[in-house]
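Join these two chains into a complex; the hints should help.
Here is what each chain is made of, one letter per residue.
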Amino acid sequence: MTNRINKKFKELKSQRQKALIAFITAGDPSLTKTKELVLGFEKAGIDIVELGIPFSDPMADGPTIQASSQRALDRGTTLTKIIALTERLRKKTQIPITFMMYYNHIFHYGEERFVKKIKKVGVDGLIVPDLPVEEAKSLIKLCQKHDISLIPFISPTTSEARIKKIAKQASGFIYYVSVAGVTGARSSVGDSYVKQIKRTRKYTKTPVCVGFGISTPQQAKKIARNADGVIVGSAIINQIQKHSKNKTMVAKVSGFVKTLVQVLH
Amino acid sequence: MKNPDKHGHFGAFGGKYVPETLMVPLEELEVAFKGAMKSAAFKKEFTALLTDYAGRPTNLYLAKRLSAHLKTLKVYCKREDLLHTGAHKINNTLGQVLLAKKMGKTRIIAETGAGQHGVATATAAALMGLPCDVYMGEEDIHRQALNVDRMRLMGAKVIPVTSGSKTLKDAMNEAIRDWVTNVSNTFYCIGSVAGPHPYPLMVREFQAIIGKEARKQFLKAEGKLPNYLVACVGGGSNAMGLFYPFVKDKKVKIIGVEAAGHGVHSQFHAAPMAAKQIGVLHGSKSYLMQTRDGQVKIAHSIAAGLDYPGVGPEHSYFNVTGRAQYVSVTDKEAIKGLKLMSELEGVIPAVETAHAVYYLEKLAKKVKKKSTVILCFSGRGDKDMGQIKEYI
Numbered sequence: 001m002t003n004r005i006n007k008k009f010k011e012l013k014s015q016r017q018k019a020l021i022a023f024i025t026a027g028d029p030s031l032t033k034t035k036e037l038v039l040g041f042e043k044a045g046i047d048i049v050e051l052g053i054p055f056s057d058p059m060a061d062g063p064t065i066q067a068s069s070q071r072a073l074d075r076g077t078t079l080t081k082i083i084a085l086t087e088r089l090r091k092k093t094q095i096p097i098t099f100m101m102y103y104n105h106i107f108h109y110g111e112e113r114f115v116k117k118i119k120k121v122g123v124d125g126l127i128v129p130d131l132p133v134e135e136a137k138s139l140i141k142l143c144q145k146h147d148i149s150l151i152p153f154i155s156p157t158t159s160e161a162r163i164k165k166i167a168k169q170a171s172g173f174i175y176y177v178s179v180a181g182v183t184g185a186r187s188s189v190g191d192s193y194v195k196q197i198k199r200t201r202k203y204t205k206t207p208v209c210v211g212f213g214i215s216t217p218q219q220a221k222k223i224a225r226n227a228d229g230v231i232v233g234s235a236i237i238n239q240i241q242k243h244s245k246n247k248t249m250v251a252k253v254s255g256f257v258k259t260l261v262q263v264l265h
Numbered sequence: 001m002k003n004p005d006k007h008g009h010f011g012a013f014g015g016k017y018v019p020e021t022l023m024v025p026l027e028e029l030e031v032a033f034k035g036a037m038k039s040a041a042f043k044k045e046f047t048a049l050l051t052d053y054a055g056r057p058t059n060l061y062l063a064k065r066l067s068a069h070l071k072t073l074k075v076y077c078k079r080e081d082l083l084h085t086g087a088h089k090i091n092n093t094l095g096q097v098l099l100a101k102k103m104g105k106t107r108i109i110a111e112t113g114a115g116q117h118g119v120a121t122a123t124a125a126a127l128m129g130l131p132c133d134v135y136m137g138e139e140d141i142h143r144q145a146l147n148v149d150r151m152r153l154m155g156a157k158v159i160p161v162t163s164g165s166k167t168l169k170d171a172m173n174e175a176i177r178d179w180v181t182n183v184s185n186t187f188y189c190i191g192s193v194a195g196p197h198p199y200p201l202m203v204r205e206f207q208a209i210i211g212k213e214a215r216k217q218f219l220k221a222e223g224k225l226p227n228y229l230v231a232c233v234g235g236g237s238n239a240m241g242l243f244y245p246f247v248k249d250k251k252v253k254i255i256g257v258e259a260a261g262h263g264v265h266s267q268f269h270a271a272p273m274a275a276k277q278i279g280v281l282h283g284s285k286s287y288l289m290q291t292r293d294g295q296v297k298i299a300h301s302i303a304a305g306l307d308y309p310g311v312g313p314e315h316s317y318f319n320v321t322g323r324a325q326y327v328s329v330t331d332k333e334a335i336k337g338l339k340l341m342s343e344l345e346g347v348i349p350a351v352e353t354a355h356a357v358y359y360l361e362k363l364a365k366k367v368k369k370k371s372t373v374i375l376c377f378s379g380r381g382d383k384d385m386g387q388i389k390e391y392i
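Chains as they are written, first to last, in the numbering used here: chain A, 1 to 265; chain B, 1 to 392.
Since the hints were derived computationally from the structure, they do not count as laboratory data.
No incorrect hints appear here.
Derived contacts from chain B toward chain A, CB cut-off under 10 Å, selection only:
#, residue
1, H7
2, K16
3, V18
4, L22
5, S165
6, R177
7, V180
8, S184
9, V280
10, L281
11, K297
12, I298
Some chain B residues flagged as far from chain A (calculated, every beta-carbon gap over 12 Å):
#, residue
13, N3
14, L98
15, E205
16, R215
17, K224
18, V247
19, H262
20, E333
21, I335
22, K339
23, K362
24, K369
25, I392
Yeah, the Cβ is synthetic: ideal placement off N, Cα and C, and Gly gets one too.
Isolated chain B (complex conformation) (with noise of 0.2 Å):
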């Protein structure tokens, strides 16, 4: 079976769960975005900015200290946070701005959690000359004051987002609706593997970049393809983008980390798969944290980048067929994760990338034999120096 279908479902997840109005615009992106990909001259545009302005392919670099440290293990990182603006959410911006560009739109919007996406998404909205929207929680912007700070330098407008708990969820349903009044003239640039489809196939696609350029380096230095694939998983995009090239490699098995917070059984979390109840926000049918009543609950992660209530439709499907595996990491034992990796390897992960990071001290006491991971390095920790001081 394709997937996702031709409704965008993958399995029992994802689909188009919006308002009447974005149904026609929707199917216009989705045909839009396959033409894009069947395009030599779209292909070329894109690789060349991936190329000349991201800075790509990243290295796969074997992080020898911290293979040592671990001792069962031989770790490969895939380094997304030495592309421009310091994560892999460029690899996706650049797509879309450059697809709302062919598509004649005049305007870019997008939501931002950690600023992360939406930096990235005023960075190819400047490169391309289009005016951008970013739409981003109130208590977000005091959280990431340097990242809002970026955005405006670059000419994005920062819209602060009050209603609901005033974080990602909030400023998604903002550009949501921003988006359902100014559709015609507007591109809706999503930040993950979320949304309606067609968002989690096009945002995989342009991420895929990630485990494409991986598999090959990883073939070429080893000779063979890895044991393990691990990445952090908020949304998903990261993960997606390393995971999605290996999924027929059934030998390769794919771990994703989720956020746990405080730990998956307090109040405080972002493990939707570690929660087990699917529900649907934002346009698609995923594993979705919600309260008895059916609201939707407030996540919580040390790393805004992962603070979402739901996940990506595509990991939803990868967690019930048993493609992939999902497991979590605590906001202590991710800052544990940060430190080892900065002081073994000399490189400073995002929080986000460090719950992946601390994972692999599991993995390592889990595995039998000496096993090969790579590990998708999503970003760099710069970002984060003011709020991980206190634990230094």
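Looking at chain A on its own, in the form it has when it is part of the complex (with noise of 0.2 Å):
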């Protein structure tokens, strides 16, 4: 079957909508909160779902990430519970699902066996924020082969001549980073998305998407006119944190995200 994900940006064209993709640390606050959450997200009517994959080291991630990455971890949560995780949840929705994650967790696992394990258990495409394109010629060649979407970024400092070679290898999106910076909600993202999403149309059909700081649906909606969709996270995990303790939580943060799908869609 072709991948998930283009077939999603198709209908998503056609309809004339955007998408919303939101990102949950796997295993904050629990692997079986994190299923019920990816059902409860699909029903809210959000289009890609992006697994983080905890690391110890998340470099290009802001505290709210980084709290919950070692929330999860702290729980116990591994790589190889994540994947199994992945396996039920294929049993139950066809939603399109990527894996955010660092690249030692798959250089560590092994390329090759990585990818056709995704493959395996039904993940449709690989966002590795500290794997610039220079390093993942091998990686692109597996996922080229597996038909697994290895998602590239694009953000504010990245030059034209650098948008053109990343343009040529995209394949499912492109994520663009709309600031300099790390993960986290911002109270605004500023604008040089516009500019750098022309230049990058430029170069590929490949639908463009925005992340880093969106955290509330007039953002959204202000930044989709210009993109292909918009990413959130952190504000998501907010909203987590903010209900952990409560047995309503999932309805609750999947209210919240359908705040930010009926701006899109």
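Right under this line is the structure:
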């Protein structure tokens, strides 16, 4: 079957909708809750799930996701357990799933073994914030071979020459980082994205989605005018934290996510 | 083959494993650094700082009583402990902060574990009139209170890091996060031959003065090259500084000494090459201590300056090619080395340096005939007095 991410963007395009990509850290507050959240988010109408694989040294992440990652690790979350969770999720949902993870995990697992394994359990894409295109050659090949989207980053500091190089090998979508910095909810995200997305579109038809700092429906709506979708992470984690002691946490957070979906669909 | 290659690889190691936002700034840094290395004016200014301010050249001194004790080894000490601020770190920070100034950067940041690199960065920043923020793990702030005061006295801001293990690796994560956020005006001064390209190359070049001087001084004293070079290795900057100018001298045997903590088979050590696992941390691929799940392990060593779960990519490369041999020395052995050097020579080494000192005892038993050694005496022990009191 064709990659679920590509299929999703085709659908969205035909309906003139923009994508909401929702990030959660796998294992925070627990793997059971992660599963419930994914299913709740699907009902709320999100388009793609981004599962964060907790890592001991998340250098591209701000305080919110760092703390979330640490909570997941403290609970004994491992990559193996997350892969098993994904396999279980696939029996219940066909929503596109990407892993957001640091390269050491992939390297440690073994690139080829890892790509084959995640393909088998139904992962559609990989987002690796510390793997620039120069270091990704072998992983790009493996992902192409096994039809996994390796989603690259473009940032405010990326030169046009690099945009060209990155666009050439992009698949699934391109992750535009709205600000030079780390992940985390911000009150404003600047507007470098307008210019950089325009430049990117010269070289590729791959959808471009904007992430880092987006926390409200207003921000999402504004950014989506120039992009194919938005990625929200820290703001969702904050909601999970806020309701963590509440039995209706999944419903509450899904409700928040729905407010984002509504401005995009 | 040229090392590193144009993407910063030393064989299978090194590279640039960083967020996209840093890729163009790293290219700019590389261009600026290579330009500086070709500029007579930059070199003149750098050399003047090393000479007039830091106190170079440092002595190469024959440790006669230590040599007599070891019997089979004639040991020369390259006295980096005599430099301003008390360790080799100043060689690199003067170079990097000078480069930052030439690049028009208006703010310096650094990470520090033991505080030696933090102090050396704060020193260079004060000298050149730039504001300086130093990230330091909360644990290390308690362990190294004296160095915290030194940094603050020189006007640097010491920022406590409370994430992860609250030690050097987390301080480096935090410094990278700051850099990625403020990259337009900020220069990140990395303290070891680690991090993404061009840092391992740049730090090597700034520290290579150690080996260049030592080679000349040794030739003058002995009329030939030494049989051995010995230095302690955390990230590995003092070791690379001594080793690199001798790499083509195939007959010179090169030995790096990692920190074995409670022993390399325990859970408490800082010897990634002894643990034999390779991974990616802080922008480069190198030997790296990890759990079965691919998480980075927390290192342990009595020496805060060696307390790091990774090691520089070029050391990793030397290890697989066999150009250098890497061994390890435990906390307890290091204390023995520290006492030995203090009692026999009247020089108190840093507890990091003491690892290399103790290895000489082991080496002395291995050599078949009388051999010569240059020991990189990377730093002085004053900073450790509080910590080692219980062993005296």
